[in-house]
Each structure stands twice: as structure tokens, then as C-alpha cells.
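*Asks:* Build out the structure end to end from the sequences listed, making use of the hints.
Residue numbers (our numbering): 963 to 1388.
Warning: the hint list may mix true and false statements.
[As the list claims (entries may be wrong)] Computed cross-link-like contacts, EDC-like style, restricted to lysine to aspartate or glutamate with a CA-CA straight-line distance of at most 16 Å:
1. 1289 / 1056
2. 1216 / 1243
3. 1289 / 1026
4. 1289 / 1313
5. 1216 / 1244
6. 1127 / 1328
By construction, these hints were calculated from the structure, which means they are not laboratory data.
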Amino acid sequence: MAEPAHAPRLGAELPEGAHFIGSPVGAPGWLTGRGAPALADLNDCVACGLCLPHCPTYRLTGEESASPRGRIAAMRAVQDGIAVPDETFEAFMDLCLVCRACEDVCPSHVPFGRMMEAAREQVEPLRTLRSRFIRWLGFHWVLPHPSLVRTAAALQPIARPFMPKAARALVPARGYPFARLPRVTEPRPGVEVRGTVALLSGCVQDRWFHRVNLATIRVLARNGWRVEVPPGQACCGALAAHNGRLAVARRLAKRARHVFADADVVIVNAAGCAAHMVTYDELLPGSGLPVREVTEFLHSEGIVARTGPVDATVAYHDACHALRALKVHDEPRDLLRAIDGLRLIEVRDGDRCCGAAGIYNVTQPEAAGALGREKAEAVVATGASIVASANPGCSMQLVAHLRAIGSPMEVVHPVELLDRASADRT
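*Replies:* Below, the structure is given as C-alpha cells:
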């Protein structure tokens, strides 16, 4: 496609000959009254390009605009007043998965995830009326209100046939709209009490992966932890933040801070939620919580419950937020390798994003589909019968694409395998 003559050249921000195509008219700079990437963060990027081969969307497209360097150049063009947030800018930002693979290899430690959340706050007014309404309904109303999440789970069997094909394939076959978690679970008699922890039940996690919460409670209790599930919980705000709804994310952070105010430890078994919650104090000063991802916590504190064999070959899938944001890698692997009879296998290019990325697999089905197929094929190639995934979004994406290529492979949370190993043995 020929490049418009008005496209501003960014010089050192992109390789020679590369251009950012932005609107030639309109007030330059960020939209007022909305968050924007910090100038200091933008200036941290030296445009070295080390991130490019690690970026999933750059691998798929080969386009500079689909790379972290290209997106930062677009942000900088707006910051410098030579472009405005427009439909082109929106497309650049929306194609990003925010998997943060770029952060792993960046010598300047550019906080790309934080910058993307701020940039997406800028593009929200540019969306179509229909898109804004759907996002407003989901992020402002459904997810923050547990009763509406339960209603959505209850209506799922009726609504599922009418969903877009991409969404229909992702939604689990059934939800748990009326399931409840025990308010308090004590360790069994004879098991030394090591302390009390509070569990984040989650929105998607508890309505569609309720079994994971139950397994988490059982494993913690068998290992001497008194588990509380505080009332009044709602969505942690991760999905809202990742999609530029930072005001909603702050309200949910404030609510979580109130709910877990007395907790010594907040256990989170969804990697995306844990990765977001550890940034609460940055999002809303004073709202920080003592958050621990469940496999990291169990690995650090130690497994004391008696375990038995689990005869299975398991492939381990790294959720991006666990691997990059939380730096959790060895912990779940060590826990699984300690189970007698369990054979753990690494997935080829296992650090690559599966394409789930919150709601990305619904809003960007083509890119998400390509990444999902790639991941499913790599998982099947291991010859394993089970794949372990510590994030609900990844689990839904894996199930959808494994079934699409005809694989019956079971997808479970690592804590479910720990639960199987310790069942009826303490």
C-alpha cells in the first residue's frame, strides 16, 4: 500500500525509511482528561529492536507497527504533537497482546505493559458506539457485580448458540452460577496449623473454573493452612485495566483493598489476576495487598501433606503473566516433578503467548487463532495426555484450539494435579 505523503517521519525512533502514519489534522497530543503513557517511560526506549523477534504480533505480520518499538514510536509521535490518537493509532494498540515478552529482553527495562494500558485509555473514545457499549456493559457493570456474573453463567446455555463463533468456541461447556465456596476451611485434625490465608475467588475463575478454587482450598488445608474466602469479593480489575478502563480498575482495587484489609496473605490461583493485583499500589497508592500466586506460595512454604503417585505425562504451559510479570517459572515445575509417577515435559517454544490475552481472542480472532493453533500443535507434539495451565484465559484458549485439531488432551490447573496427588492421604 502506498504511503500518504503527509506521513510524518520519526527519524531515530524507527529504522531508516520507516514511517508512522497518523492523522494530518486535528489538535496534536493526547486526549485531555484521560491517562497517557508517561514521558519518562517513552524516553526509556532506545529503539534497539531486541524486542522484535520476541513479539508475537511482529512474528505474525512482519510489520514494524505491530512491534513494541513501532507502538512506542506511535505513542511518541502523539506525545511530540506530530500525530493524534486516531483509528490508525487504535489499530496499532489493539493488535498488541500485552504479553510483555518484550519486557523480558529489553535492556532498558521499558515498562511496556504499563504504557499499553495508558495508551488504550486514550483510544476508548475512538471505538464504535457498539464496541463502547459492549465494553461499558462488561467492564462497568457485569464484571464488578458478582450477581451479574452469576446471571451470565446461568444464561450461558441459552446464549451460547447465539455468540460469535470465536467466542462460542472459547466459552466452557458449562458454568457454576450457583456454586459457593466454604467461608472458612480448617486443616484436618492432627495437621499442624501453619497460618491463615485468604483466597481470591475471582469472577471468571469461580463461575467457570470453580473446581480450581475447590482444589486450591483442599491443597492449602492439607498443608496446614486455614483458608478464608472473604465475602464481598468482585473482579480484581485486570480485564478492565488491560483494556484501558483504568478508572474501573481503580475502583475495583479499592474494593479489594477493603475486602482483604485483614489478610496476612492473599492467595491467587489465576496468573493474570495475581499479576494485576501486585500492581495495585502503583495503580492506586495505598491499595497494595500481600498477594501470592498459589504455586509460588506452596513452593516457598513447602508441601508437608503426604502425596501419592499420579501416573500421567504432563506438558506445562507458561501463562505470560506468570512468567513475565510474576517471574514464576521453576516453582510449578518443581511442585509437579515432586509428584511420584508424574512425567513433566516442556512445550516447544513454551514461552510464546497462546493468544488468549484477556479478551484478545474475541476482539482479534485472526491473530489469536493463529497463535492458538501454534500453541495447540506444540502441546500435542509433546505426546502428553494432560497440559497444566495456571490461568483461566489460557485454559479456555487451549481447550478451544486442542479440540479444533481433534485432540482430547485434558487441560488442568497445576493445583488440581497437587490435589489428585494428596487426596485422602493426610
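*Asks:* Is the Cα-Cα distance between residue 1216 and residue 1243 16 Å or less?
*Replies:* Roughly 10 Å between the alpha carbons, so the hint for residue 1216 and residue 1243 holds.
*Asks:* Taking 16 Å as the top limit, are the C-alpha atoms of residue 1289 and residue 1026 close enough?
*Replies:* At roughly 28 Å apart (the allowed maximum being 16 Å), residue 1026 and residue 1289 break the hint.
*Asks:* Taking only the CA atoms, is the gap from residue 1216 to residue 1244 under or equal to 16 Å?
*Replies:* 12 Å, holds
*Asks:* Given the hint that residue 1289 pairs with residue 1056, test it: the Cα-Cα distance must not exceed 16 Å.
*Replies:* Answer violated: residue 1289 to residue 1056 is near 25 Å, above 16 Å.
*Asks:* Between residue 1289 and residue 1313, is the straight-line Cα distance small enough, at 16 Å or below?
*Replies:* Given pair residue 1289, residue 1313 holds - Cα atoms ~12 Å apart, limit 16 Å.
*Asks:* If you draw a straight line from the CA of residue 1127 to the CA of residue 1328, is it 16 Å or shorter?
*Replies:* Holds, at roughly 12 Å.
Checked against the numbered hints given earlier, the structure breaks hints 1 and 3 and satisfies all the rest.
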